[in-house]
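Undergrad: Chains A and B supply the protein sequences, listed in that same order. Going by numbering that gives the first Met the number 0, the residue at position 99 of the first sequence is 98; the numbering climbs one at a time, nothing skipped. Going by numbering that gives the first Met the number 0, the residue at position 142 of the second sequence is 141; the numbering climbs one at a time, nothing skipped.
Rather than coming from a laboratory, the hints here were simulated on the basis of the structure. Hints are supplied without guarantee of correctness; some may be wrong.
Taking CB as the label site, the calculated pair distances span [what the hints assert, rightly or not]:
#	chain 1	residue 1	chain 2	residue 2	range
1	A	VAL435	B	GLY746	50 to 58 Å
2	A	VAL159	B	ILE695	34 to 42 Å
3	B	TRP564	A	PRO481	33 to 41 Å
4	A	SER205	B	ASP250	51 to 59 Å
5	A	ASN186	B	PHE727	26 to 34 Å
6	B	PRO108	A	ASN186	35 to 43 Å
7	B	GLY746	A	ALA184	32 to 40 Å
8	B	LEU717	A	ASN186	51 to 59 Å
9	A	TRP98	B	GLY746	33 to 41 Å
10	B	GLY107	A	VAL281	26 to 34 Å
The calculated lysine-lysine pairs, modelled on DSS-like cross-linking and capped at a C-alpha distance of 30 Å, are [claimed, not checked]:
#	chain 1	residue 1	chain 2	residue 2
11	A	LYS369	B	LYS59
12	A	LYS510	B	LYS59
13	B	LYS106	A	LYS510
Here are a few chain A residues that face chain B, going by a calculated C-beta distance under 7 Å [as the list claims (entries may be wrong)]:
#	residue
14	ALA184
15	THR231
16	TYR289
17	TRP295
18	THR324
19	GLY364
20	LEU387
21	PHE404
22	GLN405
23	MET420
24	ALA444
25	THR506
26	PRO507
27	MET509
Glycine included, C-beta positions come from ideal geometry on N, C-alpha and C.
The lines below spell out each chain.
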Amino acid sequence: MTLALLILIPLAFALAVLLAPAERARFIALLGTLVAGVFAVFAVVSFDFGYAANRGQLGMDIDWLPSLGLSVSLGVDSVALWLIVLAALLGPLCVMGSWTAITEHRKMFYAWLLALQAAMTGVFAARDLVLFYICFEFTLIPMFVLIRVFGSTNRKAASVKFFLYTFTGSIIALAGLLYVVWFAARNGTGWTFDIEALTMAAYKMSAGEQSLVLLAMLAGFAVKVPLFPLHTWLPLAHTEAPTAGSVILAGVLLKLGTYGIYRFVLPFAPAAVVEYAPAIAVLCIVGIIYAGLICWVQTDVKKLVAYSSVSHLGFCVLGMVALNTTGLTGSVLYMINHGLSTGALFFLVGFMYERYHTRSMRELGGLASKMPIWGTFMVFFAMASVGLPGLNGFVSEFLCMLGAFQADAAWAGMEASTHGMPGATWGVLGPWFAAVAATGVVIAAMYLLYMVGRMCFGPLIEPAGHHDHHDAHDDGHAHLPPDLTPREIGVLLPLAALCLYLGLQPTPLMKTLEAPINDTVSLVRGSVERPDHNGAAPVHHEPAAGDEEGAGHETDDGHAGADAGEVVE
Amino acid sequence: MLAAGAVGQGGHGVVAQGAGHAVADGIASAASGPLWIAAVPALAMLGVVLTTFCAIFRIKSKLPAWLTVACLGGAFATTVGAYLHLQDAGVPLVVKAFTWFDLSWGKGPGQTLHADFAFYIDSLTCLWMLFVTGLATLIGLYASEYMSHDVGTGYCRFFAAFNLFVFSMTCLVMGENLLVLFLGWEGVGLCSYLLIGYFYKKPSAVAAGKKAFIVNRIGDFGLLMGVFLTFVKFGTLSFPELWPMVQPYIDMVKAGHGADVPFTVGLIPVLLMVGAFGKSAQLPLYVWLPDAMEGPTPVSALIHAATMVTAGVYLIARTYPMFLVSEYALPIVGWVGALTALLSATIGMAQFDIKRIMAYSTVSQLGYMFCGLAVLSSAGAAFHVFTHAFFKATLFLCCGAVMHGFAGQLDLRKLSGVGFMKGWGIVALAMLVGCLNLAGFPFTAGFFSKDMIIAESFVTPGPGYQLIGWILLLTAGLTAYYTFRVFFRVFVGPQCYEPGDEVHAHDEHGHEHGHDHGHDHGHDHGHGPETHGSESRATQSRATQSRATQSGATSSHFHPHAPGWAINLVLGTLAISSLAAAGTYLIGDGHGWAADMVHSSSANYVGAAAFLETAGHAEGEHAAHGSFLGMDPHKVMYYVSSIVGVIGIITAFVLHYMGRTTAATSRADALLPAMGPIAKWAQGKWYVDEFYNAVIVLPLRVLSHVFHTIDRLLVDGLVNLAGVLPRFVGSKVRPWQNGLLHGYAVGMAGGLAVLIGAVVLLSM
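This is chain A alone, in the form it adopts within the complex (with noise of 0.2 Å):
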């Protein structure tokens, strides 16, 4: 039921908003916002994390249309769980970091803010396909209004090229999809979207019918992520949106395409993951160096972060495609780090443009004389993401390059065995993945060092007309002093906290996300050790999630690389 009312109370609100006057809509929206994540809370509490990976907790299932299989089924492992938690912890920090910004149409600002929230919880709640693709299609809806309505100069082309863009993407997704459940209908289970009756019935594909399904859901998900070559649309959106959606966007809705990669190309086509794995690696690689280049030359600062995106998630998709624990395990930490990190740089950036109204490096220059609780946020945030040890950002990207690095398959030729190389496990990319990769690292540095010497560091530079007081002929706008107020400090201040929380203390969160990465890497791992595609269904089924710990760890061995080399040449 939590997770029934964690869709529905944004929408009421949503709906209450619309009935409301529009001087109320934003203590509204904060309120909406604070008792979802009232209930996000109650979520984690009773969410039992000795069956992690028991995908079915907190859920409900309603018939919807049985003869067809349909049902409103919700449920959430704990992967899906800390992305509900982080869409719930986003929401009244974006209606907060709004609370100015916003002077016009802020009914519509508000329920749009709220039925994206509504929506993105689906997509993580939803253990059915058609719900899951009706939230995953209708977060472009709100998306699409908001940086339409409330963007900045370019924002019709920028929300035309977001909407047509990412929602061509779907479709090619949603063919993939549907074939899965053709396949599984006429292999015995009948017409049904359960996910997890989907995943086992998947896994009978052959592998061409994997590779064909595999290259449709990349397809949406790639797009969504964005992976090269399809980022194009993600620079343009990021910098026309309103700041509110720039971090939902960076937070969340990227997100959107990881966890589809996680939840449906992982397990839907296993020997054809491991077999792209490789050439879908490359071009994260390419990502995070190309777009970390690019970060580097821009001047606008919005930009910059919104490249930034590119090259970091270049890394999470990494981590994915290590089809390992550390990797694995480093991708999910990395959705949540990068949407505490970047979802505030997105904020002071926000707030930055809230008193100068312009976002290029060129009129703005040392800020952190005039603005310095603003200045040593954006070094704070900046470090974050550079992934300096001790914050969030590293943890997750030290594993993601681990689980890359640690591959047997590339080790196995390099030693005898790899029985003498104990931290290697099974995966299929290798030290030379990381190690290209981790030279995004240095770019990292370069071009976040770049943005926060230019904007915070050097003689103040302010835009040509820039007065203090410009409310005189800024109508609407409330007055806002030179540096940050305690609402916008009380923005930044609980991502700050977490940043460094989950910097020093990750343990726990990773213990939590074990038993469900466990299971994906067995599954995934099994489907290459079985030549026969018609072997027993993974152990990903079994009611007991308890036990399912052991599973994937007794046949985790030296050899076992060696063999899935070969198997997948």
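Chain B: place on chain A using the hints.
TA: Chain B only, in chain A's frame:
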């Protein structure tokens, strides 16, 4: 330790036996230590928190400084306690604070990534901790006066970063595993970035900070790969767990099967050393350190001379067992160190900015330390780190006192006879002590520590180690020369001075006017525009220079203010400590207290003795007795290096003191024409910065712009094309939908034909 002494004496016969013992008890298993040792970083962290609160509550007094000194003093006291506790315990101690990483994918060994936030205390750690916390306390006290013109937010910011640095540095040296070490490693990099860029309105300072961080990150890349490889190879990152795992390979080398050591094991130290070269400013990554002098002088003294830059030496000493099993790791370290030492000494000889001269001498001395590690004198390297920390901090703080008193003046051509001015006695004496140490004057601490390294390079067999010895000897002479060049020009001789450009600049940040500390006066002569700063920098420094000349004309209004009690107290203490450091050479057995500390840690010779032995077998008689011109290097080196050092000092005396009547010129100028372009090139720092700029930075920038263009035109262009295409097709197709029946019929027939054709083709 027996083995250590034996190797030190160069007795070949004893070595084999001694090595056996060392291997047996060299790597003692660790015991769990008391939690109060964790107070060392915790107190530094407390300092960060307290100074941050000072900033929040806008404290406008010297309170942050006193809080810092109190916290760091407490940390030092705790360190001393830890040292005494370690002496009692006799085995390395492990103190766990909390679990950091814990992730498992199996139940077998190595299938868990486990890294505690834990500390590993052995004597090597203690050696570093003692001087890190001790010097940090003293320099914090010095900074309380030095930074006094910035009391307010800037003061809080300075001390917060200062404390954070000490926290990171203690994590670095106390880390129980490579991950905690890496945390400290990156943390000190961050603090270095923040503190170099302390005067953040100065573009050159911001650029220098950025450069330091990025160049360090290149090194960190290597270190990170080393960490990965260590984990994959050994399944753990914890030092006490690693040593027993490396042991079989050491035994392998000892048994003469060095070639059988797996490639991956031999690769680990090579990757780790890249990190060390970055942090310790060695070739090819040394370029950030001279620029780092943009930071306030206490920072230069603590971070960029005494402590942080020795982190690379610490890393190699800490992971010494891994370096010993690789055939090529230590020789690379040695050659890089020797070449860096020589190169930076030649640059140091030609600079005019006294702080930069000291920076290059730091790079050079770090080169010595790396050579020490390479020639199996980890004790010599660590001892040199220890002595260097004291005398280089002294030297920097003296330079800082001069800079503070003369409004930012650092050009040795504009200062003379400072030591004879009223109130500058202690500074001059401390400077003399520091210079003697750096020059390796007989019986100073620097003399003993440098000597150990040079002598060992002649003793230890290895690829070209004899030549390394000669390079180091030559460099010692050059070092003595450029060190005393500074002393003879600035501190003695006729009294005259020209104040720097901060004369009127003691307002809010102290640097509103002074865009440059006068750093650029020195090398503005040699070459064109600066390349590492912003484009506008060259013009700026030219502007500053003219201002400086103006203020020189009006210097009668300017009175240098002599240092106050805090600076004098610290300088006196440090000068005495640097002298006393020599005393530690005489206590203990073998090569003094510091050497004993190293020998009872994992940086012991363990395999070194074995290494000597196998290498000896490999290279025959020649290697068995390293010699210096047919004599025993251990005995003769004391005399040789004394002579070399004294020659350097006398040369400086003749060229820069005798007959000098003004600050600006000396007899050395007469020699310049004879040197041809060499002097100019050395002044231009051999144009390494320009070279990097042209070969790396510029192409990368061009590439980035190319990528950006491609992204907009090609990648996005294709997308836009795909967007336009349907509309285009639509506009072409629309006329067909004209409502005429026969048209549709034709279309339908055509479509059917295609479909049938396709089915037929497929079924075939």
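Undergrad: All hints, please: hold or fail.
TA: Checked hints:
1. A/VAL435 with B/GLY746: 50 to 58 Å: holds, 52 Å
2. A/VAL159 with B/ILE695: 34 to 42 Å: Taking Cβ atoms as reference, A/VAL159 and B/ILE695 lie about 41 Å apart, which means the hint holds.
3. B/TRP564 with A/PRO481: 33 to 41 Å: holds, 39 Å
4. A/SER205 with B/ASP250: 51 to 59 Å: Given a distance of about 53 Å, which is inside 51 to 59 Å, the answer is holds.
5. A/ASN186 with B/PHE727: 26 to 34 Å: violated, 42 Å
6. B/PRO108 with A/ASN186: 35 to 43 Å: holds, 41 Å
7. B/GLY746 with A/ALA184: 32 to 40 Å: holds, 34 Å
8. B/LEU717 with A/ASN186: 51 to 59 Å: With Cβ atoms ~38 Å apart, the hint is violated.
9. A/TRP98 with B/GLY746: 33 to 41 Å: Violated, at about 58 Å.
10. B/GLY107 with A/VAL281: 26 to 34 Å: 31 Å Cβ-Cβ, so the 26 to 34 Å window holds.
11. A/LYS369 with B/LYS59: This hinted pair holds, its Cα atoms lying about 18 Å apart.
12. A/LYS510 with B/LYS59: violated, 46 Å
13. B/LYS106 with A/LYS510: This hinted pair holds, its Cα atoms lying about 15 Å apart.
14. ALA184: Violated: closest Cβ of chain B sits about 23 Å from A/ALA184, beyond 7 Å.
15. THR231: holds, 4 Å
16. TYR289: Cβ of A/TYR289 sits 5 Å from chain B, so the hint holds.
17. TRP295: holds, 5 Å
18. THR324: holds, 3 Å
19. GLY364: Violated, because the Cβ-Cβ distance from A/GLY364 to chain B comes to roughly 9 Å (cut-off 7 Å).
20. LEU387: holds, 5 Å
21. PHE404: holds, 4 Å
22. GLN405: holds, 5 Å
23. MET420: Result: holds, 5 Å to nearest chain B Cβ.
24. ALA444: With Cβ-Cβ at 4 Å, under 7 Å, it holds.
25. THR506: Result: holds, 5 Å to nearest chain B Cβ.
26. PRO507: violated, 9 Å
27. MET509: holds, 5 Å
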